[in-house]
Amino acid sequence: MYLEMKDIFKSFGEKENRQEVLHGITCGIREGDICVMLGPSGSGKSTLLNIIGGIEEATSGTIKIDGKEITGKSEKILSKYRREYLGYVFQSYNLIPNLTAKENIEVGAYLSKDPLPVSELLNVLGLWEHKDKLPSQLSGGQQQRIAIGRAIAKRPGILLCDEPTGALDYKTSKEILKLIEDVNEKYGTTVILVTHNEALRKMADVVLVLKDGRIVDREESRSKTRAEELEW
Amino acid sequence: MRNPLNKRFFRELKSDIGKYIALFLFLVIMIGAVSGFLVADNSLKKTYDESFDRYNVEDGHFILAGKPEKSLIEDIEKKDVKVYKSFYKMARSGSDYKLKVFVTRKAVNRQDVLKGKLPAKHGEIAIDRLFAINNKMDVGDKIKVGGRTLRISGYVALSDYSALFENNSDIMFDAARFGVGVASQYEFDKIDEAVNYQYAWTNNRKDLSDKERKKKCDAITKVIIRDRTNALEEIIQRLDNQAITFTGNDMGGDKGMFLILLYMVIVIIAFVFGVTTRSTLEAEAGAIGTLRASGYSKASLILHYTTLPFAVTLAAAAVGNAFGYWKFKEVMAALYYNSYSLTTYETLWNEEAFVLTTIIPAIIIVVVVMCVMMWTFRLSPIKFLRHDFRLRKAKRAVKLGNIPFFTRFRIRIILQNKVTYIVMFIGIFLASLLLLFGLFLRPLIDNYSESVDKSLMAKYQYVLKGQVPVAKQKFHLRKPEKYALEVLQINEKDDVSVYGIKKNTAYLKNLKLADEKNQVIATSNYMEKYNLKIGDSIEVKKKYSDKKYRFKIKGMYKYTGGFGIFMSSSNFEKTFDKEKGYFNGYFSDSRLKGIKKELIATILTKEDLNKVSRQLADSMSGAFNTIKVFSVILYMLVIYMLAKLIVEKNAGAISMIKILGYTSSEAGKLYNRATGFVVILSLVICGVIVQPALKNIYKAMVRQEMRGWLDYYMAPWIIPEIMGIGILSYFVIQSILLMKIKKISMAEVLKTME
Ligand SMILES: Nc1ncnc2c1ncn2[C@@H]1O[C@H](COP(=O)(O)OP(=O)(O)O)[C@@H](O)[C@H]1O
Ligand SMILES: [Mg+2]
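For the protein sequence lines, the chains are G and Z, in the order given.
Here the first sequence is numbered in this note's numbering, starting from 1 and rising by one per residue.
Here the second sequence is numbered in this note's numbering, starting from 1 and rising by one per residue.
Hints may contain errors.
As the list claims (entries may be wrong) - Pairwise CB distance ranges (calculated):
1. G:4 to Z:405: 29 to 37 angstroms
2. Z:405 to G:6: 36 to 44 angstroms
3. Z:731 to G:57: 32 to 40 angstroms
4. Z:688 to G:57: 45 to 53 angstroms
5. Z:5 to G:139: 34 to 42 angstroms
These aren't lab readings, by the way, just hints derived from the structure by calculation.
Nothing here was measured: the structure is a model prediction, and the numbers come from that model.
Ideal Cβ placement from N, Cα and C applies to all residues, glycine included.
Let the hints inform the model, and build the full structure from the sequences given.
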């Protein structure tokens, strides 16, 4: 397995405020798969994603990426790990407001010795004519494209997407999902896509369903539907 | 109901406690120091002014060669004055010091006891405090006075000796070499030294003008000379007595400097408040928009956001003033007590100080913060709701071609925070100016000493009381040269020496005297201070008289000693109605023999002139160091506060790039280097413009407040030193900021996702 999680526990708070959010997550994800993580709000999806992303530390358990253990490592090593393997896309685009579209992508490209050519990316993302605009001059969908471009510019092994379409309308959402799919196909990037939209299970290679901090279902799909054909 | 927003104050204070404490302390110290100075200065000045009545200070005194007949004193008193016996004896302690001893004063020039008691009838003496301290004499110690061993019963200040001038003609006094003391009549009689028959007088009418006082003095002189029984050794009216007047003239001179420093700091702090409040508005834009949309008025919100800076300033001003009256006052008063023999002062409430150090600073800060608020609140509620602080609609990105990525990133940071950086620049500029103030005066004074050495008219310049010939003696190079001198008044503050000089003088190099009457050459320092050009006319006045003289400046003579104007001897004689060949001084390369001491008014040598600048440097060096430390703190405070603001404002972006895999030090390289670049650029620009700014402030200040003139001089190492200090300060701050960046958690981004 490309990504292996074993017995991940996570709790927030101390003593009487202590809240168990993840209760022993164990699973693996193959390289190049699209993994859709489903579950109701509050089930712990984001928390798990953040632990994979090294933003949050698990209370116990281990995570291996490409055979390398990342749990319990120093901030410096984690930062290197994020740099080499991870791309991140959030529901809120979190672009740097005073940088242009192109520059925001360059922020990501800078981190790799062998990044994707930024101008090629701009074309793939359909942002060429907007490359010199500031985020505030662009629509939500366009901003999310930039965020994806920024995430994949350094050729990460894994692209983590936390509700990437949560703030977008139906049509734009589908465009973004298609883009994620294209990225997965074109560059072989492993994608973990967190959502509460059941319809997205059809575009996954593997579906994980979380409930109250446990994986309640794992489903391998045999026939994927293309993102543009999804309906909800 | 009370405004529910008010609950915010405490939280805001707590959340940014570091900033508020730093600004508060800084204001307290600054306001405390300045109010302390103003209070001390005002209290001392009032005490000094009132001391004339309180201690019945003389209107003048004269010394006779022998004891006069009663009738002479009666004749003098007919001139509507009261005469008091004021005999003294001069006791010496080898070459260490001279101590002038009087009988304990009861009627005139009374003394104030500062420590211990007045001397008892037997075996005691009370001496001047400053003299005692300079010679390490304590109350209870025994000293030898004219063959007797006396116990020091106390420290006193004699009301006619606030500055310990031994001779009135001395250029400067030396409180270690000369002191005064009082003893009982019994001990006075026992002192084995000659009596000097000094008498003091006071005018019966207190409301005389200076001119009338001078007339009175002249009348007394005439009575004594007419009497012929005793030679008149000395007569000095109070107005001309340096031991009495020098102190008063020195007081209040530094007020302007202190106020300039205070307001510079206040303006910086006002800007820091303005910028930080603006950033609070930006951070709370959503809430503000909602409040405004739901009916809170603009005014109430502006008021709300102005309250905290105002309250902090007011609290700091109150505490600062309290400190001023309680502690700093004494520090400032000590500056005077270290130089002068002042009587005990009473602390007086000074409403001017209160207005200058409390009301005006509070107003400056409120006005600046208010302006920032109004500027921001012009925007509609909807703009607040959208966190959109831009005036024009969609702002376009500035095009930055093919610059390396990191550089472009930093340029974007600078562009985004230009207002903050402009304030930072102003802060750096003012702090540099302040630092320059702390650094430049000392070398300026040293430079002055040197230039005085160089520009001395002669190694020995004799000023005589009459036309005294020199005895036959050998001269090496140049013979002594006669000149005539008259001292006139430019205004209340400054005098000018008018010289009648021999044509082809051997002493004043390159002096080309004009031929026509009323055409003169003026010294460079005089022309500089009064902004005079060649061709200008000047009007000067005779002291204690209405007589005025007009001269036209025909040329300049480089000189830094005292103000002077030069004319040919013949023109001098015509102007001042003197006989041909009149003179009252010599320029000479060596000491002159055969001139009686009583006939010499002064001998000017370079030591004398240097005494003045040394005294100036000594009395100010404490202030220099304080200003230096202060401005370095200010530097750091301004740069830190604003750089921190930029980091905080961009916490989201910093958090995001960390998620992407940037390390803290890389984030630091982006955000801190942008600031570093601005700091260094500001320092360079300041290095260039601060000097002309200071030069103008300096000149304006000296023209306004000081007697005489010290040429502006900037030691070459000062500007580099300032830049060095600035850069060093920045590196200290940078490492603090890096820690701040390290602390920004990646959860910062997650928070915004809600
Ligand atoms: N930083 C945190 N501190 C305390 N509780 C948290 C924190 N982050 C998440 N939680 C809690 O963990 C649970 C799971 O949250 P999350 O992982 O965001 O769920 P999901 O993304 O599935 O909606 C929630 O009950 C939430 O309140
Ligand atoms: Mg979530």
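Results for each hint:
{"no.": "1", "hint": "G:4 to Z:405: 29 to 37 angstroms", "result": "holds (35 angstroms)"}
{"no.": "2", "hint": "Z:405 to G:6: 36 to 44 angstroms", "result": "holds (39 angstroms)"}
{"no.": "3", "hint": "Z:731 to G:57: 32 to 40 angstroms", "result": "holds (33 angstroms)"}
{"no.": "4", "hint": "Z:688 to G:57: 45 to 53 angstroms", "result": "holds (52 angstroms)"}
{"no.": "5", "hint": "Z:5 to G:139: 34 to 42 angstroms", "result": "holds (35 angstroms)"}
When each numbered hint is compared with the structure, no violation occurs for any of them.
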